[in-house]
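Protein chains: 2
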Amino acid sequence: MVRLCDIGEKSVVGALIDRIGPSGDIGLGDDAAAVRLGSRYLVASTDLVTRKTHFPKPTTPFQMGWMAAAVNLSDIAAMGALPLGLLVAMGLPRETELETVEGIADGIGACAEQVSAEYLGGDTKETDDICLVGTSLGMVRTDGILLRSGARPGDLLAVTGDLGLAGAGWAEIEEEGFHPLARKALLEPFPRTKEGTILSASGCVTSCMDTSDGLAMSVHELARRSGVGFKVDRRALPVHVDAREIGDRLGLDAMDWALHSGGDYQLIFTLNPEGEPRLRSMLGKGYTVIGEATREGIFLEDGDRRSFLEDKGFEHFRW
Amino acid sequence: MVRLCDIGEKSVVGALIDRIGPSGDIGLGDDAAAVRLGSRYLVASTDLVTRKTHFPKPTTPFQMGWMAAAVNLSDIAAMGALPLGLLVAMGLPRETELETVEGIADGIGACAEQVSAEYLGGDTKETDDICLVGTSLGMVRTDGILLRSGARPGDLLAVTGDLGLAGAGWAEIEEEGFHPLARKALLEPFPRTKEGTILSASGCVTSCMDTSDGLAMSVHELARRSGVGFKVDRRALPVHVDAREIGDRLGLDAMDWALHSGGDYQLIFTLNPEGEPRLRSMLGKGYTVIGEATREGIFLEDGDRRSFLEDKGFEHFRW
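Residue numbers (this note's numbering), protein chains in the order written: chain A, 36 to 354; chain B, 36 to 354.
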């Protein structure tokens with residue numbers, strides 16, 4: 036008798052893939068599914084979050100709603116899709132205060148509005164714990180869809196924005212002096228839909244995904260799906276200055292958060308080096324080149340030193 | 036301090052609508068949301084079901100998966116949409132057996148296959164109770180979308196298939212001699228997507244919804260949304276012969292199930308009387324005319340006797 040806690044989330048997903056498909060035009064292995072409609076793909080993603088498992092104690096109802104929207108919008112951002120709409124099903128305990136539900140609704144609405152996604156509706160049902168399930172819908176030209184496969188040796192590896200602040204938020208969440216920016220980074224991650232559509236339009240991005248499970252696991256995933264290796268330049272990683280400061284204060288290494296903590300919800304991608312000037316002109320300082328795709332092996336380089344980059348980060352069912 | 040259990044599901048949904056839209060092209064009041072894409076609508080619906088609240092004890096994993104798919108596909112059927120795809124997010128307790136998850140996956144896949152919907156993927160997360168959240172996607176021509184509003188006095192009122200068998204299944208679920216057909220009707224409802232697309236194509240259907248909350252509540256809902264009344268001919272109601280038999284055996288009135296029990300997942304609709312011959316030629320015995328839209332009042336007629344049709348059926352948070 037095999038139970039889920041014995042095998043971990045990735046194995047469960049693997050068993051499910053073996054069982055039922057998927058039969059869409061783009062498979063389960065990417066951040067979102069895609070169905071071809073003429074010259075475009077309809078891109079869709081669904082994610083389930085619960086108060087008990089996904090929301091640290093200080094999370095406000097507004098932030099729960101924001102998170103439920105953001106994680107799903109991040110998934111379609113990773114495919115390069117323009118957000119179209121968002122649905123959210125809510126499971127709510129009987130004793131929930133109406134004010135809490137209104138806060139959740141406000142958070143959903145605020146996040147959707149930030150990225151110009153239409154809130155399309157949802158469902159409310161009774162459950163034992165607050166459970167929010169968003170579904171995001173987006174559109175992308177068939178020749179502009181971003182997948183996890185597609186990186187080639189010689190491509191540059193890059194990431195949007197900064198890293199490590201969500202990890203700093205996790206580390207400090209029980210502390211009195213909880214850093215307001217770290218809290219916001221952790222509990223109100225910003226879906227990079229704007230960056231995703233620009234990466235798609237640039238024509239030079241060869242693979243992409245979001246860093247919801249942390250940078251290291253994302254690098255390994257891109258490597259597996261593209262059949263390449265990577266070298267990551269430790270010194271180039273855009274660790275957020277406040278994450279460094281919090282790390283110094285707590286006696287912890289912010290680099291660990293940048294590499295292995297989930298929650299930053301940046302986009303990690305590879306690009307054809309010839310396209311780099313064009314992408315730079317489109318995105319400016321919105322991204323940082325952090326390494327290069329190679330034939331094999333996944334290494335972290337720090338000047339002359341080279342170490343293996345551990346495939347370590349989030350996994351559910353083993354918490 | 037207002038809690039959800041004090042106000043009921045409909046009020047919660049009302050409060051949410053006031054709060055966040057929806058901003059889609061078709062509102063929250065219908066079975067599904069719709070976004071216009073050129074000459075078609077993308078139609079989407081999401082529904083959350085949990086083992087504790089929605090699945091009676093004898094429900095198999097296969098049936099849980101089927102149900103999660105079916106309730107969502109029924110919602111887009113009610114809009115007249117051709118099924119495009121289905122996503123399902125699963126919340127699963129750590130102790131769940133892998134076999135259970137595979138059964139759920141098989142049920143999802145089987146139901147999606149029956150209506151030619153692509154299974155697009157999903158999500159798995161840890162929760163305390165099994166929680167399945169489907170999202171169905173469909174397409175319908177903008178001039179063929181079916182809404183709850185649109186009925187006019189003089190329109191015929193009709194329903195697909197038979198009624199009451201799911202209610203009989205509920206009534207008998209704890210019994211030894213549980214009727215196999217009633218069990219199936221209750222636990223593996225068939226989404227009427229084929230009928231929905233035909234109703235849409237007929238050009239004579241003026242309003243439509245599914246009977247997931249029971250026939251009586253659906254009639255009241257069509258009346259409210261269309262601004263009409265209805266008279267329903269009790270003798271015309273297509274009560275399933277096996278529901279009658281089970282009712283006789285249990286000393287209960289199958290007519291009560293037909294009117295007030297949820298779970299039959301038929302489509303109830305109004306049609307322009309002039310279009311009736313055409314619809315009959317398209318759907319044959321697949322539907323029954325059960326009444327007529329009027330200016331006001333919602334009555335059940337039984338020969339010369341006329342009574343008010345009670346707005347009674349399912350409601351969550353008050354269970």
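Think of the hints as simulated: they come from the structure by calculation, not from any bench. Bear in mind that the values here come from a model prediction, so they are computed numbers and not experimental data. Hints are not guaranteed to be accurate.
Unchecked claim - If the Cβ cut is set under 8 angstroms, some of the chain B residues that face chain A in the computed set are:
1) LEU39
2) CYS40
3) GLY43
4) THR85
5) THR131
6) VAL168
7) LEU172
8) LEU287
9) MET290
10) ASP291
11) MET317
12) LEU318
What the hints assert, rightly or not - Derived lysine to aspartate or glutamate pairs resembling EDC-like cross-links, with alpha carbons at most 20 angstroms apart:
13) B:LYS229 / B:GLU311
14) A:LYS229 / A:ASP163
15) B:LYS266 / B:GLU280
16) A:LYS160 / B:ASP53
17) A:LYS160 / A:GLU130
18) A:LYS92 / A:ASP164
19) A:LYS229 / A:ASP164
20) B:LYS87 / B:GLU223
21) B:LYS160 / A:GLU134
22) B:LYS160 / A:ASP164
23) A:LYS87 / B:GLU223
24) B:LYS160 / A:ASP248
25) B:LYS92 / A:ASP163
26) B:LYS160 / A:ASP178
27) B:LYS229 / B:GLU153
28) B:LYS160 / A:GLU148
Unchecked claim - Simulated DEER-style distance windows between Cβ atoms:
29) A:ARG71 / B:THR177: 18 to 26 angstroms
30) B:ARG54 / A:ARG38: 48 to 56 angstroms
31) B:GLU148 / A:GLU148: 58 to 66 angstroms
Backbone N, C-alpha and C fix where the C-beta goes; we use that ideal spot for every residue, glycine too.
Cross-check of the supplied hints:
Checking LEU39 of chain B against chain A: minimum C-beta separation of about 5 angstroms stays under 8 angstroms; hint holds. At about 4 angstroms, the closest approach between the beta carbon of CYS40 of chain B and any beta carbon in chain A falls short of 8 angstroms, and the interface hint on this residue holds. The closest approach between the C-beta of GLY43 of chain B and any C-beta of chain A is roughly 11 angstroms, which is over the 8 angstroms cut-off, so the hint fails. With 8 angstroms as the threshold, the beta carbon of THR85 of chain B comes within range of chain A, its nearest partner Cβ sitting at about 5 angstroms, so the hint holds.
At about 5 angstroms, the closest approach between the beta carbon of THR131 of chain B and any beta carbon in chain A falls short of 8 angstroms, and the interface hint on this residue holds. For the restraint placing VAL168 of chain B at the interface with chain A, the shortest Cβ-Cβ distance is roughly 4 angstroms, inside the 8 angstroms limit, so the hint holds. Of the supplied interface hints, the one on LEU172 of chain B holds, with its beta-carbon coming within about 7 angstroms of a beta-carbon of chain A, less than 8 angstroms. Hint status for LEU287 of chain B: violated, given a least beta-carbon distance of 27 angstroms to chain A, over 8 angstroms.
Annotation: interface hint on MET290 of chain B violated; nearest CB of chain A at approximately 29 angstroms, more than 8 angstroms. Restraint check, ASP291 of chain B versus chain A: the minimum CB separation of about 24 angstroms is more than 8 angstroms; hint violated. At a threshold of 8 angstroms, the smallest CB-CB gap from MET317 of chain B to chain A is about 27 angstroms, leaving the interface hint violated. Interface hint at LEU318 of chain B: violated, since its Cβ lies 28 angstroms from the closest Cβ of chain A, which is beyond the 8 angstroms cut-off.
A hinted pair counts as satisfied when its Cα atoms are at most 20 angstroms apart, and LYS229 of chain B with GLU311 of chain B qualifies at roughly 18 angstroms. Restraint check: the Cα-Cα separation between LYS229 of chain A and ASP163 of chain A comes to about 36 angstroms, which exceeds 20 angstroms; the hinted pair is violated. With a CA separation close to 27 angstroms, the supplied pair LYS266 of chain B and GLU280 of chain B exceeds the 20 angstroms bound. The suggested pairing of LYS160 of chain A with ASP53 of chain B holds, with an alpha-carbon distance near 18 angstroms, which does not exceed 20 angstroms.
For the hint pairing LYS160 of chain A with GLU130 of chain A, the CA-to-CA distance comes to about 13 angstroms; that is within 20 angstroms, so the pair holds. Distance hint between LYS92 of chain A and ASP164 of chain A is fulfilled; the C-alpha atoms sit about 14 angstroms from each other, no more than 20 angstroms. For a cut-off of 20 angstroms, the pair hint linking LYS229 of chain A to ASP164 of chain A is broken: about 33 angstroms separates their Cα positions. Annotation: proposed proximity of LYS87 of chain B to GLU223 of chain B holds, straight-line Cα distance about 17 angstroms (limit 20 angstroms).
For the hint linking LYS160 of chain B to GLU134 of chain A, the alpha-carbon distance of about 26 angstroms lies beyond 20 angstroms, and the restraint is violated. Distance check on the hinted pair: LYS160 of chain B and ASP164 of chain A sit about 13 angstroms apart at the alpha-carbon level, within 20 angstroms; holds. Pair hint LYS87 of chain A plus GLU223 of chain B does not hold up; C-alpha atoms about 31 angstroms apart against a cutoff of 20 angstroms. At roughly 14 angstroms between alpha-carbon atoms, LYS160 of chain B and ASP248 of chain A fall within 20 angstroms of each other, so this suggested pair holds.
For a cut-off of 20 angstroms, the pair hint linking LYS92 of chain B to ASP163 of chain A stands: about 18 angstroms separates their Cα positions. A C-alpha spacing of about 32 angstroms is found between LYS160 of chain B and ASP178 of chain A, which places the hinted pair above 20 angstroms, so the restraint is violated. With a C-alpha separation of about 15 angstroms, the suggested pair LYS229 of chain B and GLU153 of chain B falls inside the 20 angstroms cut-off, and the hint holds. For a cut-off of 20 angstroms, the pair hint linking LYS160 of chain B to GLU148 of chain A is broken: about 27 angstroms separates their Cα positions.
At about 20 angstroms, the CB distance of ARG71 of chain A to THR177 of chain B agrees with the hint of 18 to 26 angstroms. Restraint check, ARG54 of chain B to ARG38 of chain A: a C-beta distance of roughly 40 angstroms breaks the suggested window 48 to 56 angstroms. For GLU148 of chain B paired with GLU148 of chain A, a C-beta distance near 38 angstroms fails the hint of 58 to 66 angstroms.
Of the numbered hints stated above, those contradicted by the structure are hints 3, 8, 9, 10, 11, 12, 14, 15, 19, 21, 23, 26, 28, 30 and 31, listed in ascending order.
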